[in-house]
Amino acid sequence: MTNMNGHHNPVKVNSADLKTHLGRYLRSVEQESASWEICIRDRTVAYLIPARSSEEASANLPHSPLLALKRAGMKIETATSFRRGDLAEPVVAGDGRQDVVTVDEMRRGRQW
Amino acid sequence: MVNVFFDTSAVVPLIFREPRSAQARQAWNESSLRIGWQWLRVETEAALCRRKGNAAAWSLWRKIETGIHWVEPDGEWWEHLKVFNRGVGLRAADAGHLYVMERCAASVADLVLVTFDGEMANVAKKRGVGLFPY
Numbered sequence: 001m002t003n004m005n006g007h008h009n010p011v012k013v014n015s016a017d018l019k020t021h022l023g024r025y026l027r028s029v030e031q032e033s034a035s036w037e038i039c040i041r042d043r044t045v046a047y048l049i050p051a052r053s054s055e056e057a058s059a060n061l062p063h064s065p066l067l068a069l070k071r072a073g074m075k076i077e078t079a080t081s082f083r084r085g086d087l088a089e090p091v092v093a094g095d096g097r098q099d100v101v102t103v104d105e106m107r108r109g110r111q112w
Numbered sequence: 001m002v003n004v005f006f007d008t009s010a011v012v013p014l015i016f017r018e019p020r021s022a023q024a025r026q027a028w029n030e031s032s033l034r035i036g037w038q039w040l041r042v043e044t045e046a047a048l049c050r051r052k053g054n055a056a057a058w059s060l061w062r063k064i065e066t067g068i069h070w071v072e073p074d075g076e077w078w079e080h081l082k083v084f085n086r087g088v089g090l091r092a093a094d095a096g097h098l099y100v101m102e103r104c105a106a107s108v109a110d111l112v113l114v115t116f117d118g119e120m121a122n123v124a125k126k127r128g129v130g131l132f133p134y
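Chains as they are written, first to last, in our numbering: chain A, 1 to 112; chain B, 1 to 134.
Source of the hints: derived by calculation from the structure; they are not laboratory data.
Just so you know, these numbers come straight off a predicted model, no measurement behind them.
Built from N, CA and C at the ideal position, the CB exists for glycine as well.
Zero decoy hints are in this set.
With a straight-line Cα cutoff of 30 Å, these simulated DSSO-like cross-link-like pairs (lysine-lysine) come out:
1. B:126 to A:75
2. B:63 to A:75
3. B:82 to B:126
4. B:125 to A:70
Computed Cβ-Cβ distance ranges for the label pairs, DEER-style:
5. A:105 to B:74: 24 to 34 Å
6. A:17 to B:87: 50 to 60 Å
7. A:96 to B:91: 22 to 32 Å
8. A:45 to B:74: 27 to 37 Å
Just need the whole structure built from these sequences, with the hints factored in.
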């Protein structure tokens, strides 16, 4: 199964067809890096895109902010991790101080 | 969830415990799309060196680095930046952050700036740039 569109620009698939042939669609995503635009009565409700290259795929989706940035002349190095809430707590700097606003200090040092 | 553009002043407190660390984490956790100008990486690593960051600090930075989309305008954009800053009068790199933010905001809906730099925040506000609400 292929989306017949170079695997990046998603092709529409209705939810009933997806439900019936879910296995095939998932295999096309996994093996062919296909992307699918899932619709309910011609209304787009979701995208099915490869997990391992989700950032690259999302950059190719219609209305994607990253695609919009590329079109606006931005060079983009895409993030590889989007998980929220998994960031460790900040650590104490080597000088032991917690009252320092580092960037303020740095910027104060270069007024120009 | 919001789309955010980080200034260095909002990233360093994610690494080092600082007075604004809680707000920086709030911005990180409430963002669905994170963007930063490439120069932020140079500034942040300078901060790590100057504050003598340990291995845990560097490890945390590496993780943060993978969670941000790094952008840089294509082409001869320095000329545009010079003209831009004649109107705002910020320090050079700060002008760069704000200029790139405004370029991104023209394409990304509801993009807000996350900065703890008072001067930059004031200029941004005057120019109608959205700021992350704390």
